[in-house]
Amino acid sequence: MSVPTVNPALIGLQFPPVAVVAEAGQMRLFAKATGQTDPVFFDERAAQGAGYRAIVAPPTFVYTLLSIGRDDPYDHFDRMGITLADTLHGSQSFTYGVPLCAGDTVRFEWSVADIYEKKDGELTFVVFRINATNHRDEMIATIENVTIVVKR
Amino acid sequence: MPAPLLLNARPGDHLPPMQFAPLTRHDFALYCGGSGDHNPLHTDSDFARESGGQDDVIGHGMLSMALAGRFLTALAPVDALESCAVRFVGKTGPGDSLTCNGKVITREETGGILRLALNLMMIEAHGREILNGQAIIAVRRS
Numbered sequence: 001m002s003v004p005t006v007n008p009a010l011i012g013l014q015f016p017p018v019a020v021v022a023e024a025g026q027m028r029l030f031a032k033a034t035g036q037t038d039p040v041f042f043d044e045r046a047a048q049g050a051g052y053r054a055i056v057a058p059p060t061f062v063y064t065l066l067s068i069g070r071d072d073p074y075d076h077f078d079r080m081g082i083t084l085a086d087t088l089h090g091s092q093s094f095t096y097g098v099p100l101c102a103g104d105t106v107r108f109e110w111s112v113a114d115i116y117e118k119k120d121g122e123l124t125f126v127v128f129r130i131n132a133t134n135h136r137d138e139m140i141a142t143i144e145n146v147t148i149v150v151k152r
Numbered sequence: 001m002p003a004p005l006l007l008n009a010r011p012g013d014h015l016p017p018m019q020f021a022p023l024t025r026h027d028f029a030l031y032c033g034g035s036g037d038h039n040p041l042h043t044d045s046d047f048a049r050e051s052g053g054q055d056d057v058i059g060h061g062m063l064s065m066a067l068a069g070r071f072l073t074a075l076a077p078v079d080a081l082e083s084c085a086v087r088f089v090g091k092t093g094p095g096d097s098l099t100c101n102g103k104v105i106t107r108e109e110t111g112g113i114l115r116l117a118l119n120l121m122m123i124e125a126h127g128r129e130i131l132n133g134q135a136i137i138a139v140r141r142s
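Heads up: the protein sequence lines correspond to chains E and B, in order.
The numbering of the first sequence is the working numbering, which starts it at 1 and goes up by one.
The numbering of the second sequence is the working numbering, which starts it at 1 and goes up by one.
Everything labelled a hint here was simulated from the structure, so no lab data went into it.
Quick look at which bits of chain B chain E covers, simulated, 3 or more residues with Cβ under 8 Å: (1) 27 to 39; (2) 66 to 75; (3) 81 to 95.
For every residue, glycine included, the Cβ atom is placed at its ideal position computed from N, Cα and C.
Chain B with its partners taken away, still in its complex shape:
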């Protein structure tokens, strides 16, 4: 069942933000295994410094997007998600605390289907933007 707050959401409404625990190298290692993205830039600090031109490992962009997905599955069942699109605008690293914000842009209801378009924005604790995008969720009202 979709969260009741989704059923009552109106354009302009901010959805409850989801805050994630500070990212760790362990998170990047788990995502490396879970996703098959074995680029050492995300898991090997020596590689990141010597070959990647970074100060340390950086998080997978797709991990940030997956956390946006986590935000969305808290709102509605996964099969209610019609689309999700993001732009990656900032890097993540160990220690970054991410928060996903969502705002309702449009709401339409036809044939018992409630369809909401959301703006998504992932920010880090100092306000740095990590990604932004849109998602469309469609749920059957019953």
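For reference, chain E alone in the conformation it holds in the complex:
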């Protein structure tokens, strides 16, 4: 028996919750960097005119706050014995609730939902389940990240 690349006993591991404020400037930079042009992503008045509380986040922005809200965005890999250079991003999904608006405090609760191997252990799939809620306890998104760890 070879030693698994990622210890399957880590299934169920819960990480410390992360709380982070969605800042308008960060959201504008993200929107610019990803080709958005609709003023609802940049201008508070335009966003409010469209019925949002403040400028609204593009679809995948919420996930970035989980990195932005931590001193070391890769410390969950460290904790699991995963080397960043051995990882690939396999898949990503978002199921949406209420829109994320500037000024929201986003709280993340996240855990390891599954770990499984493919190709005789050459590839290990690690599934992270991430729940993002706002300061009103409304669900912003349920996110699933599948990270592939390549055996070295």
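Given chain E's structure and the hints, the job is docking chain B onto it.
Only chain B this time, still in chain E's reference frame:
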């Protein structure tokens, strides 16, 4: 308001593709700052070659997904998006011209809400697949 083409879309319809300008290192740097993903594999060619085992920097998978998000926000307001899921199947690099394609899979209309399931596919100019996935958009007909 959702684009009229969405209101009239039927299963099997291909939505107008969105073509993006060729990716640049500058795009990756902006995404690095915008997303907080500071992995040097995406911005530092020396690191990518010496430590990343790559010929050059590679694009963030989540940048490709965000461009798929850009495709979707051209179709409907961002709060009309119910879900989006993608698999990353190909790398991107500087110079790659990406095009996002969408095809309507299902259409249902209940209680004044029009809900469309779309297949998404991002390809690079030589036909190489970058990502594929699905999205569900729900818009109120008014």
